[in-house]
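Colleague: Listed here are the chains, written in short residue letters.
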Amino acid sequence: MQPTDVGNPDYYHKVVDCQWGCPAHTNVPEYIRLIANGRYTDSFWLNRSSNVFPGILGRTCDRPCEPACRRTRVDGKPVAICRLKRVAADLRDPTDNRLPEIPVVKNGKRIALVGCGPASLTVCNDLMPLGYECTIFEALPRSGGLMRTNIPAFRLPWEVLDEEIDMILDMGVEVHYNTRIESMEELLEEGYDAIFVGTGAPKGKELNIPGRQEAADNIHIGIEWLEAVHFGHVDAIGERVLVIGVGNTAMDCCRTSKRLGGTDIKVMARKSRPYFKASPWELEDAEEELVEIVENYSPKRFVLEDGRLVGMEFELVSWHKDEESGRLKATVHDTEFLPCDDVILAIGQDNAFPWIERDIGIEFNHWDMPEVDRTTFMTTREGIFVGGDAAWGPENIIWAVEHGHQAAISIHNYCQGLSLTDDRPPQDHNLISAKMGMHEWAYSNDYNPSPRQKMKHVELVRRFEELSIEVEMGFDPEQTAHEVERCLNCDIQTHFEAKLCIECDACIDICPVHCLTITVNGDEEDLRTRLMAPAENLTQDLMVSEGLPQTGRVMVKDEDLCVHCGLCAERCPTAAWDMRKFELMIPYAGQEAACPTHV
Amino acid sequence: MTYIAKPAVRHPGLGANDLGLHMRDYEGTISTLCAGCGHDSVTAAIIQAFYELSIPPHRIAKMSGIGCSAKTPAYFVNEAHGFNGVHGRMPALATGANAANKDLYYIGISGDGDSLSIGLGQFCHAIRRNVNMLYVLENNGVYGLTKGQFSASADVGSRSKRGVPNKSEPIDPVALALTLGATFVARGFSGDKQQLLPLLKAGLMHKGFAFLDVISPCVTFNDHVGSTKSYLYTRHHGHELVPVDFVPIRSEISASYEKGSRTSITMHDGSMVRFRKVPEDYDPTDRLSAYEHYRSLQNRGEVVTGLLYLDPGGEDMHDDNATTATPLAEMAYEDLCPGSEQMDALMEEFR
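Protein chains in written order, with our numbering: chain A, 1 to 599; chain B, 1 to 351.
Okay, chain A solo, but in the shape it has when bound:
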């Protein structure tokens, strides 16, 4: 193999699995260390520099970081990254305001944003400090988009939403509530310098099976129903509720039903558990509230009596892989009738752009979605950008935030006459030795065997009393102290200088997980079989050194299970190994890549 180029920011970035997995590349290990040091406010602001909504995401994030977490591969359970984020947000000093100053004299560029969800808000967050005038048009009377209307208050309290959204709106963003944009053409005529579409995916999917129209009164579309609950238009539901679909919206629907009078609530899944779309922790939370999750029931028809919904008929199915197409195919074994009073459909969401004229230069693809560039977020019409769920269908909040950051860079470049592609500021990185003394490091390098801390919940009886009682209580100080130490500090990199190595094997002998080998070089496939421990996880890179001075062999490190204990560096007599803190420098609109100024 060629020697690994650790000068490329991507190499060490990829070792920080959580940061690499996070769409917004939040510096997770650093903010966890800040929490460990009691520096909650610093931790909050570090978070906010990349993910904008730490308090909101600390409760509701889809957590792409957690399945990626190295700790999962070491002891089976990831660090509770998301819940630690909430600790920082909850315990920060609210009087310590580190928001950038907003210029009084504007730069003369006006930006229109459609929809007041996380994507649009992030664009404003990045552009307001540069002197842009941002105007948001929101169809509903409140800000936040689906963050507010689709996530029930028992998961995300209003105060948290308001606090973090207001940080952005208070920068001087003009918001027009109750203003649904009905025509892109008309909006264009108003002469904005750029338009950002962040309208989300607001259309719940339909289930067109017999009886749908006739029983419409008792069949609700999940996201619309949650929105109606949010605005107080709906405050009750029948005792027996069937929720169709098993994604995260379904989990919110069944748990909300439980609080509006539902007693017998079933979530009906067409497939079995490994195929469920809902996050495992959301499934657990629903089951804790005694919601029944029924597998392999495929909806067949709605059953009515005297013009009223009395239940649904399901086909009982089993699944097998079709040899030819490789797809799953269903075999029907039986049918079953389940009585119910109400049905909630939560089987997915679509985007809808009835308000964008098809003849104004925005190309639509064959799914009737606007053609959006994956890097610049611009449509085929210059000056019109799309981000969040509106761009390529439903994702999650953290993706919307990252879309917002990227779109803001594009909008800024566009308004300043720079290239949207060639003039995009590149990422950079810092690498600083973490050595403080003979056996002292600037991080807690010892491995802590604590198990993952369990989130405490409000008692079952109490939580149903009111819709807005937050179920999760947050980590207590003791739990936090344990959980922060579970982090393996993957950003403290094992950095190797081949020319210093005397091949004494000290590092290889001390490594607790046998991830180092000195051997004769070969191609990757061959090297992976010749290491101290088998390197079978192909998603994790091998770091290969230059030829070593004494024998010409190479040092190979399998990144997979390194616990970043730093023992290789401590046992190295020549300091060929060093532990170095990697800091990814992320560029934002109008700024070169820089380390967040959190300290």
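Careful, some of the hints might be misleading.
[Stated by the list, open to error] If you anchor each label on the Cβ, the simulated ranges turn out as follows: (1) A:K499 x B:A325: 36 to 46 Å; (2) A:Y275 x B:A16: 29 to 39 Å; (3) B:N101 x A:P477: 49 to 59 Å; (4) A:G76 x B:T266: 41 to 51 Å.
For the record, the hints were derived by calculation from the structure and aren't laboratory data.
Here the structure is a predicted model, which is why all the values come from computation and not from measurement.
Cβ coordinates follow ideal geometry from the N, Cα and C atoms, glycine included.
Add chain B to chain A, keeping to what the hints say.
Modeller: Chain B only, in chain A's frame:
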């Protein structure tokens, strides 16, 4: 040395041996030697050898005297028996322990000071008695614990860290072991585990006195330019005379060896030592041939490594002395000490 203990995690991809133990179960406490010490590499190879041979930890006895090397038994197989004795007296301890319980695997760890200065007489007599043990001499040419004075194994002309050359003739433990009649004589290098591991395994399974000299550089006091025991010098002047593989009993014989270029020697328990490459005019089972070969290469300035001499005859101190089949340690008290009546009867015979 290190302040934190080695984290208690292991690679899930590494399996267990025949006893269901993992390699990490054969570790000891964390080393307090200098970072980069050759001895730590020898320790790691010993851990791997015991693990791969599936030797139960409680059947191992670790013996040592004084010195950097003598500290190392603390760093492997925590669950084993051990005795850390007086300077240079490890061979006597091992002989005594072996006399009492011949069923354990004895490994003695010594250094050039412990074996070639204060303990030279002890070393020689352990060879003479053919004690069934593996005697590992971690050889670095200096007294590390007392800050780097030349030891008895330092070569003439080798320079100290201050630049002063050594003028005294060295005592060569390999030549000594060959002439005194050791039944297994080998030399390894701590910087080459591929070679060291089979030597350790073969030495552990050999019945009789197995001597293994390991060039184990002192990274603090003897790893500089001008030293003849540094990593670099050993790598440049090392000459692997007889590379070997150790084939444990019951394992299938792999076909990957080149035909005609090897000699196999079966050990007393049925396991096998394969010499991968033996020069034409050399027979590793002939003591005189081994000695001549060793000396001629040594005169050319080469550091000869490999399994230089092996007598697979399979006899040891217990055979020579016709001791009991049951180890003394496992005999009932009545059998060990038949009582004063029997003693009186015996004494009567000599009156």
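Colleague: Can you tell me whether the CB distance of A:G76 to B:T266 sits inside 41 to 51 Å?
Modeller: holds (46 Å)
Colleague: State, for the Cβ atoms of A:Y275 and B:A16, whether the hinted interval 29 to 39 Å holds or is violated.
Modeller: The hinted range 29 to 39 Å holds for A:Y275 and B:A16, with Cβ atoms some 35 Å apart.
Colleague: Assuming the hint says 36 to 46 Å, is it satisfied by the Cβ distance from A:K499 to B:A325 or not?
Modeller: Violated: the Cβ-Cβ distance is about 59 Å, outside 36 to 46 Å.
Colleague: Does the hinted range 49 to 59 Å hold for B:N101 and A:P477 at CB?
Modeller: For B:N101 and A:P477 the Cβ distance comes to about 55 Å; the hint holds.
The structure is inconsistent with hint 1 alone, although it conforms to all the rest.
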